[in-house]
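Visitor: Chain residues, written in single-letter form:
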Amino acid sequence: MLELTQFLTSLTQRMPTDSQHSNYHPPALEFKSTTFSVPVLVLANNDIVIIEHQLQEKIQLAPEFFKHSPVVIDLQELNKQDLNIEISELVNMLRSLDFLPIGIRGATTQQLKKALELAIPAHTGQNQAPLTTDNTKPQPVKPTPVAEPSPSTASTTLIAQPIRSGQRIYAHGDLIVLAQVSAGAEILAEGNIHVYGSLRGRALAGVQGNIEARIFCSDLQAELISIAGTYKISEDLTETVRNRPVQICLQNNTLTIKDL
Amino acid sequence: MARIIVVTSGKGGVGKTTTSAAIAMGLAKRGHKTAVIDFDVGLRNLDLIMGCERRVVYDFVNVINGEATLNQALIRDKNCNQLYILPASQTRDKDALSQEGVGRILDELKKDFKYIVCDSPAGIERGAFLAMYYADDAFIVTNPEVSSVRDSDRMLGILSSKSRRAEHNEEPIKEYLLLTRYSPERVKLGEMLSVDDVQEILSLHLLGVIPESKSVLNASNSGTPVILDEKSDAGQAYADVIARYLGEDRPHRFIDEKKGLFGKLFGSK
Chain A
17 MLELTQFLTS LTQRMPTDSQ HSNYHPPALE FKSTTFSVPV LVLANNDIVI
67 IEHQLQEKIQ LAPEFFKHSP VVIDLQELNK QDLNIEISEL VNMLRSLDFL
117 PIGIRGATTQ QLKKALELAI PAHTGQNQAP LTTDNTKPQP VKPTPVAEPS
167 PSTASTTLIA QPIRSGQRIY AHGDLIVLAQ VSAGAEILAE GNIHVYGSLR
217 GRALAGVQGN IEARIFCSDL QAELISIAGT YKISEDLTET VRNRPVQICL
267 QNNTLTIKDL
Chain B
1346 MARIIVVTSG KGGVGKTTTS AAIAMGLAKR GHKTAVIDFD VGLRNLDLIM
1396 GCERRVVYDF VNVINGEATL NQALIRDKNC NQLYILPASQ TRDKDALSQE
1446 GVGRILDELK KDFKYIVCDS PAGIERGAFL AMYYADDAFI VTNPEVSSVR
1496 DSDRMLGILS SKSRRAEHNE EPIKEYLLLT RYSPERVKLG EMLSVDDVQE
1546 ILSLHLLGVI PESKSVLNAS NSGTPVILDE KSDAGQAYAD VIARYLGEDR
1596 PHRFIDEKKG LFGKLFGSK
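Here the protein sequences come in this chain order: A and B.
Position one of the first sequence corresponds to residue 17 (my numbering), numbered consecutively onward.
Position one of the second sequence corresponds to residue 1346 (my numbering), numbered consecutively onward.
Possibly wrong hints are sitting among the right ones.
Stated by the list, open to error - Incomplete in silico selection of chain A near chain B, CB under 7 Å:
| no. | residue |
| --- | --- |
| 1 | S181 |
| 2 | G182 |
| 3 | Q183 |
What the hints assert, rightly or not - Far from chain B by the CB rule (all over 10 Å, computed), these chain A residues:
| no. | residue |
| --- | --- |
| 4 | N61 |
| 5 | L71 |
| 6 | Q72 |
| 7 | H84 |
| 8 | T125 |
| 9 | S171 |
| 10 | I179 |
| 11 | D190 |
| 12 | I192 |
| 13 | L194 |
| 14 | Q196 |
| 15 | E228 |
| 16 | T246 |
| 17 | V257 |
| 18 | I273 |
As the list claims (entries may be wrong) - Sample of chain B residues lacking proximity to chain A, with all beta carbon distances greater than 10 Å (derived):
| no. | residue |
| --- | --- |
| 19 | Q1435 |
| 20 | V1447 |
| 21 | R1495 |
| 22 | D1498 |
| 23 | P1517 |
Everything labelled a hint here was simulated from the structure, so no lab data went into it.
Quick caveat: nothing in here was measured; it's all calculated off a predicted structure.
Yeah, the Cβ is synthetic: ideal placement off N, Cα and C, and Gly gets one too.
The task is simple: from the sequences and hints, build the whole structure.
Guide: Now the structure itself:
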């Protein structure tokens, strides 16, 4: 997933500002800055056939979900290993599978140029792939799962304000909350969750299946806690752990709550 | 610089309109030119509480639709010439309010008024959303019971994520807690949440505690904001609220149990 805010903000700044014309019309348009969540396709292999095959497998799992889904192509991993990929082939293949590529990142200058020719904008802000040649051998690497974001690109989300009832926070990496999480609020993270105020709402760590994720909190009063889908509700929390600073982790598929 | 204050709660019946009337009157009495707007289109009450129901000609929706000017619709209060009321329409519903229209009217009011008090309807739907959208300050009215506290918490979440200030990444709305219908006796009996209990959940700046009081009902029935009843505990509590909002330091009263005659005589607890 990728935040598009920066992209839209820079777009807004490029707007010309001459509006002093004689006959006044109320503004017919407005540029706004918004944040979207967009799937990022992180490639770990430059073989188009293998990519297409594995993508088809993913699509079969959820055909409706992927149909006409926008996607940002991430070439950072490939370029780290000095593996080139033909952008036009990749884009055509994605389009044939009903994906709508809307951006590229981690690409080399050459790749960016080709992407632009196909009307695919570059996303900056993420570290560009190094253009230097490493000593890594240019050969296909082991076929790793495709559409999963690599943990190294995920960053930590820090929130200093209280999270109120009805609010929902999603972090692609770790989530640190310095204030309370109210009853009826929901915090989710692909990584670990730290809460330094009272945790009264729901906290779900490792939501993309990371069983190593943990929840740390200074005052456990949660409605629900979950790690990688294994959960406990408030009723299951014994008095020995309630209102205490604890850490929660998965051990042998069981949620374990330990004093901090 | 004019400030827009929203009086909101999420839950109904907690005292939003009573509070809106009291603080608008309080600010006006202090010499600040103040307008109070009823956002409860279809269920208007503010005009009754302010005692101007017989002078309503045009309303908020008329002004939004351009059927009347703001000056035609604003009603000058009969007790205080610094206070104006913009009543809601009773024959329309909340869909008659447009975000653009509300913004336009607030902008116009800001030129002329120091404070603009927006009396929010209950709920978190359109009326409540528009009442809080343009706000600079929010008075969260809460009763000391769990459902009201949770609804207030929800409303705080909306203020911090859906307001204009949040959308434009500006300094967030200043949020103040007003605990109303508070009864120290019932807190002592364990029938009501205490100030500390509520603060633990909401952790907000406490602007004041308004005691449960017969004077509030009397004031509503007679159409005079309770803050004008200077002898009443609720009236004094609202006066303290205004003082604190304007930056004065006032100790909190009405949090502890009233001492009975024996208590006063013997100084017992």
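Visitor: Find the nearest Cβ of chain A to the Cβ of B/R1495 and say whether that gap is larger than 10 Å.
Guide: violated (6 Å)
Visitor: Would you say B/Q1435 is clear of chain A, with no C-beta pair closer than or equal to 10 Å?
Guide: holds (30 Å)
Visitor: Checking a non-interface call: every C-beta of chain B should be farther than 10 Å from the C-beta of A/L194. Is that right?
Guide: holds (12 Å)
Visitor: According to the definition I'm using, a residue is off the interface if its beta carbon is farther than 10 Å from all beta carbons of the partner; does B/P1517 meet that for chain A?
Guide: violated (8 Å)
Visitor: Please confirm whether A/T125 is truly not at the interface, meaning its C-beta sits more than 10 Å away from all C-beta atoms of chain B.
Guide: holds (33 Å)
Visitor: Examine each Cβ of chain A, and state whether all of them lie more than 10 Å from the Cβ of B/D1498.
Guide: violated (4 Å)
Visitor: Evaluate the condition: distance from the CB of A/V257 to the nearest CB of chain B exceeds 10 Å.
Guide: Label holds. Min Cβ-Cβ 19 Å, cutoff 10 Å.
Visitor: Is the claim that A/N61 lies outside the interface with chain B correct, judged by CB distances over 10 Å?
Guide: holds (40 Å)
Visitor: Closer than 7 Å between Cβ atoms is the bar; does A/G182 clear it against chain B? Give me holds or violated.
Guide: The hint holds - A/G182 has a Cβ within 7 Å of chain B, the shortest such distance being about 4 Å.
Visitor: Would you check whether the claim that A/H84 is not at the interface survives, using Cβ distances to chain B and the 10 Å cut-off?
Guide: The assertion about A/H84 holds, with a minimum of 28 Å to chain B.
Visitor: Does A/S181 pass the interface hint, meaning its C-beta sits closer than 7 Å to a C-beta of chain B?
Guide: holds (4 Å)
Visitor: Take a quick look at A/I192 and tell me if its Cβ sits farther than 10 Å from every Cβ on chain B, holds or violated.
Guide: For A/I192, whose nearest Cβ neighbour in chain B is about 18 Å away, the distance exceeds 10 Å, so it holds.
Of the hints listed earlier, those the structure fails to meet are numbers 10, 14, 21, 22, 23, in rising order.
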